[in-house]
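If you read the sequences in order, they're chains A and B.
Residue 62 in this note's numbering sits at position 62 of the first sequence, and the numbers go up by one each step.
Residue 269 in this note's numbering sits at position 269 of the second sequence, and the numbers go up by one each step.
There may be inaccurate statements among the hints.
All copies of an identical chain are treated as equivalent in the list; a pair is satisfied when it fits inside any one copy or across any two copies.
[Unchecked claim] With a straight-line Cα cutoff of 30 Å, these simulated DSS-like cross-link-like pairs (lysine-lysine) come out:
#1 46 - 5
#2 152 - 5
#3 46 - 152
It should be emphasised that the hints constitute simulated quantities derived from the structure, not laboratory data.
Note that the coordinates shown come from a computational prediction; the quantities given were computed from them, not determined experimentally.
Each chain is listed here by its residues.
There are 2 protein chains.
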Amino acid sequence: MRILKDTTPMADGFHMPAEFEPHRGCIMIFPERADSWQYGAYAARKAFVQVAEVISRSEQVTVCAGAAQYDNARAMMPPQIRVVEMSNNDAWARDYAPTFVKRDIDDQRNQGLREAEPGCENNAGVSEIRGIDWGFNAWGGLLDGLYFPWDKDNAMARKLCDLLAVDVYDKRDFILEGGSIHVDGEGTCLVTETCLLSAGRNPDMSREEIEENLRQYLGISTVIWLPCGIYQDETNEHVDNICAFVKPGEVVLAWTEDENDPQYAMSKACLETLEQAVDAKGRKIKVHKLPLPRPVTMTAEECEGLDACWDEPTRRPGERLAASYVNFYIANKHVVMPGFNDPADERAKQILQELFPEREVVQIYARDILIGGGNIHCITQQIPE
Amino acid sequence: MRILKDTTPMADGFHMPAEFEPHRGCIMIFPERADSWQYGAYAARKAFVQVAEVISRSEQVTVCAGAAQYDNARAMMPPQIRVVEMSNNDAWARDYAPTFVKRDIDDQRNQGLREAEPGCENNAGVSEIRGIDWGFNAWGGLLDGLYFPWDKDNAMARKLCDLLAVDVYDKRDFILEGGSIHVDGEGTCLVTETCLLSAGRNPDMSREEIEENLRQYLGISTVIWLPCGIYQDETNEHVDNICAFVKPGEVVLAWTEDENDPQYAMSKACLETLEQAVDAKGRKIKVHKLPLPRPVTMTAEECEGLDACWDEPTRRPGERLAASYVNFYIANKHVVMPGFNDPADERAKQILQELFPEREVVQIYARDILIGGGNIHCITQQIPE
Numbered sequence: 001m002r003i004l005k006d007t008t009p010m011a012d013g014f015h016m017p018a019e020f021e022p023h024r025g026c027i028m029i030f031p032e033r034a035d036s037w038q039y040g041a042y043a044a045r046k047a048f049v050q051v052a053e054v055i056s057r058s059e060q061v062t063v064c065a066g067a068a069q070y071d072n073a074r075a076m077m078p079p080q081i082r083v084v085e086m087s088n089n090d091a092w093a094r095d096y097a098p099t100f101v102k103r104d105i106d107d108q109r110n111q112g113l114r115e116a117e118p119g120c121e122n123n124a125g126v127s128e129i130r131g132i133d134w135g136f137n138a139w140g141g142l143l144d145g146l147y148f149p150w151d152k153d154n155a156m157a158r159k160l161c162d163l164l165a166v167d168v169y170d171k172r173d174f175i176l177e178g179g180s181i182h183v184d185g186e187g188t189c190l191v192t193e194t195c196l197l198s199a200g201r202n203p204d205m206s207r208e209e210i211e212e213n214l215r216q217y218l219g220i221s222t223v224i225w226l227p228c229g230i231y232q233d234e235t236n237e238h239v240d241n242i243c244a245f246v247k248p249g250e251v252v253l254a255w256t257e258d259e260n261d262p263q264y265a266m267s268k269a270c271l272e273t274l275e276q277a278v279d280a281k282g283r284k285i286k287v288h289k290l291p292l293p294r295p296v297t298m299t300a301e302e303c304e305g306l307d308a309c310w311d312e313p314t315r316r317p318g319e320r321l322a323a324s325y326v327n328f329y330i331a332n333k334h335v336v337m338p339g340f341n342d343p344a345d346e347r348a349k350q351i352l353q354e355l356f357p358e359r360e361v362v363q364i365y366a367r368d369i370l371i372g373g374g375n376i377h378c379i380t381q382q383i384p385e
Numbered sequence: 001m002r003i004l005k006d007t008t009p010m011a012d013g014f015h016m017p018a019e020f021e022p023h024r025g026c027i028m029i030f031p032e033r034a035d036s037w038q039y040g041a042y043a044a045r046k047a048f049v050q051v052a053e054v055i056s057r058s059e060q061v062t063v064c065a066g067a068a069q070y071d072n073a074r075a076m077m078p079p080q081i082r083v084v085e086m087s088n089n090d091a092w093a094r095d096y097a098p099t100f101v102k103r104d105i106d107d108q109r110n111q112g113l114r115e116a117e118p119g120c121e122n123n124a125g126v127s128e129i130r131g132i133d134w135g136f137n138a139w140g141g142l143l144d145g146l147y148f149p150w151d152k153d154n155a156m157a158r159k160l161c162d163l164l165a166v167d168v169y170d171k172r173d174f175i176l177e178g179g180s181i182h183v184d185g186e187g188t189c190l191v192t193e194t195c196l197l198s199a200g201r202n203p204d205m206s207r208e209e210i211e212e213n214l215r216q217y218l219g220i221s222t223v224i225w226l227p228c229g230i231y232q233d234e235t236n237e238h239v240d241n242i243c244a245f246v247k248p249g250e251v252v253l254a255w256t257e258d259e260n261d262p263q264y265a266m267s268k269a270c271l272e273t274l275e276q277a278v279d280a281k282g283r284k285i286k287v288h289k290l291p292l293p294r295p296v297t298m299t300a301e302e303c304e305g306l307d308a309c310w311d312e313p314t315r316r317p318g319e320r321l322a323a324s325y326v327n328f329y330i331a332n333k334h335v336v337m338p339g340f341n342d343p344a345d346e347r348a349k350q351i352l353q354e355l356f357p358e359r360e361v362v363q364i365y366a367r368d369i370l371i372g373g374g375n376i377h378c379i380t381q382q383i384p385e
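Isolated chain A (complex conformation):
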C-alpha cells in the first residue's frame, strides 16, 4: 500500500462509483461497545450477522473485530464471511472504512493516465481501485462528537486499504464520514448542509472549499446540498438516512405526511431543493417518496441496558431515534433494508422492490442497530469491483 499525499483521485483519473454498481465485497465491523449497543450488544450482533449473511450471498464480506471479540465474531458469522482482527472504537464501517474510488482500465488507456507504480508490482491485479482515508472525529470531535477517543476508528481506513493491498489517499486533514455523501457515479454528489457545514467538522473551511475537496476526491463535478436530514439524527443529519440514489437521476427521499411531525418540514425542504436541482449530466432529479415509520422511541428497559458515556446516560426513555427506511445497503443481488415492526414496513419494501427490480429486497428487523445510532447503510461499506 502506498500512502498518496501529493495528488488527488481526480488528478489520477479516479472517481467514486455509485453503490448500485458492481461490488467486489463489503466491509463491516463487529459491534462491541456497551454505551452504544444495549445489554452488551448481543441483540445487535444478531442483527449484524443477519445483514452480513444476506450480503455474503453475492459479495465477499469482511468483518473487522476487536481482539477481544475475534473468536466470538468468528463463531457467530457464517464460514463464507471473513473475520479479521482490527481495533475499533465502534462499528460504523460506512463512516470510517475507506471511501473507494475506481479508475477504469479503458479510461487509463484513453487518457494516458497510467503511471509507473514503483514497489507495487504485486498489487497490479487490484490497482484499479484506491481508498480515501478521510479524517474522522466521531461526528463532531470535542464540540459535538459522540464519543472519545476515536483514534482506532480513524486508523481503520488506512488499515483496511493495507489489508486489501490497495493504495490510499491521505486526506485526514478533511473531516468526512462515508454516510455524509451519496454519489450517482456520473458526477453528482448529495450531501446535507447540517452535516458538512457543521461546526464540529471543518469549521475553518468555506462551503466552496468543501465542495472543491468533494470534487477532487470523489471525482465529481456537481454537489447537491440538501438543507437537512432526519430529525434527531445525531450525526448532524447524514444524507444516507434521508436520501439515496437508486439510479442516476433518481433518488428516494424519506417522507411523512404528518404535518405535526418536525420531520415534515425537513423532508419538504429537501424535496424543494431536489426539485430545483440539476445533476452533473444536466438532468432533473426524479424523487420517489419513501414513507417513514411511526416515531421509534427508546424504552426505559433499553436505556437501562446501556452504559453511560461521559457523565450522562447515552439515551433517555422516550427519546426519539432517527428511524428511516432510506438507510439500506445495495448489494450485488440484494437490497438489505431495515424494518421496524411498523405498518409502513411492507409499503417501504414494495417501493424499493419496484425501484430495484433486478435485486431481491430483504428486510431485517433493525431496532437493535437503530439504538446504536444508525442503520444498515451505516454499518456497511462497499468495495467496488
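Given chain A, work out where chain B should sit, using these hints.
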C-alpha cells in the same frame, strides 16, 4: 473459512509442499516484546525489514503487527509489503502461523476427492490450499516454555487462515511448531527427537502416535528422526536450525570440525542417522555439511537491554546462542540466510549458492534476530501457491 475437525489433510488429498516449491506469499510478525528483543526491538526490527524486503522481491509478504505497533510497522516496511493488525505474544511466524497444505487440481480429479464445499463459493479460487492450526504452548508450556501466556500466538494460525480465506484444520490438541518439521514435498518429514518427544509438548503420546499425526496432517509416509539439534537451542532443538532439505533426497546439516565443541557430537549423531535413512521414495539422503560460525555469545551490554522474564534475566552475559546458517528461508527467487560477521559467513553463502543455482542467496546480518532466540527461518512462514 471453515474450521475442519472431523477429517485430516491426508484424508482430503492434501499434503505439505516443500519450501523450495513455488510460494504465493510469506507471513512475518513484527517484533515487539522487550524480553525477547534487546533495547526495545529497534535493531531487530531493522533486520526484520531487511528480510521482508528481500522476500518481497518475489513474493507477497504480509507482516502482522500488534495494535500498538501497526503504525510503526507500516512506516518501516516498504509499500509493497502488506501490514495487518494481529495480536501476538512474539514474532515467530514459523512456529505459529499456519502450516499450509495443498491439493493439486489434477490430484483432485484423479482421486475423485473433490467434495461439496457448502458456504465457501467465494473461496473457490483459493480452495486448493488449507491451513493447519496446531496447538502452540511457547515451546514447552508450563514445563519448559519460554514465556507466558501464549494465547495470542496460539490464536494466530486460525486468524491468518481467516485473513487468507482458506479453510483450516483444527489440530490444537497436538502441540507442534512449524520449525520442528521440514518436508521434502515427496512424502518425507525430518524432525528431532529432543523436540517432538519433549516432556513439555505431547507427553501422553507415544512416538508412534506422534508419527501418525505427522502422516495424517502433513500427508507424508516417512518420518526421519534426528536425535538432536543445535546446542543450547531453547526450542528443544528444532530441526530447522540444524538440517534442511534443499531438494528431495538432499539436505544441508550444520557442522563443526571442532571436536571440543559440544555441537560436534550432536551434528555427528545427526549425520549417522541421515546416513542410515531412506526417504519416502526409497532414496538414500545426500548430506551437504554447512559450517557453523564460531560460538556467538551474549555481551553484558546486550543483556542489559533485555527486560526480565518472570523473575530472572532472559539472558546472561557469555550465554551461547544457537547460531546456525541452516536457519534460512527459501523464497521464490532468493535464499535469505543469516550472517554473523564470522569468517565462515562467506563459505556458508557459497555452499548455499551452489545448492540453489537458480536463486540469489542474500545474507543478512542476523545477530539481532538470533538474540531473540531464532533466525530467519523462524520468523517466516511460506504460503504455497
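So, going through the hints one by one against the coordinates:
For a Cα distance limit of 30 Å, the shortest separation of residue 46 from residue 5 across copies, 25 Å, qualifies, whereas the shortest one inside one copy, 39 Å, does not. With identical chains, the CA atoms of residue 152 and residue 5 are at most 30 Å apart within one copy only, with a shortest distance of 21 Å there and 35 Å across copies. For the homomeric pair residue 46 and residue 152, the shortest alpha-carbon distances inside one copy (24 Å) and between copies (26 Å) are both at most 30 Å.
In terms of the numbered hints stated before, the structure departs from none.
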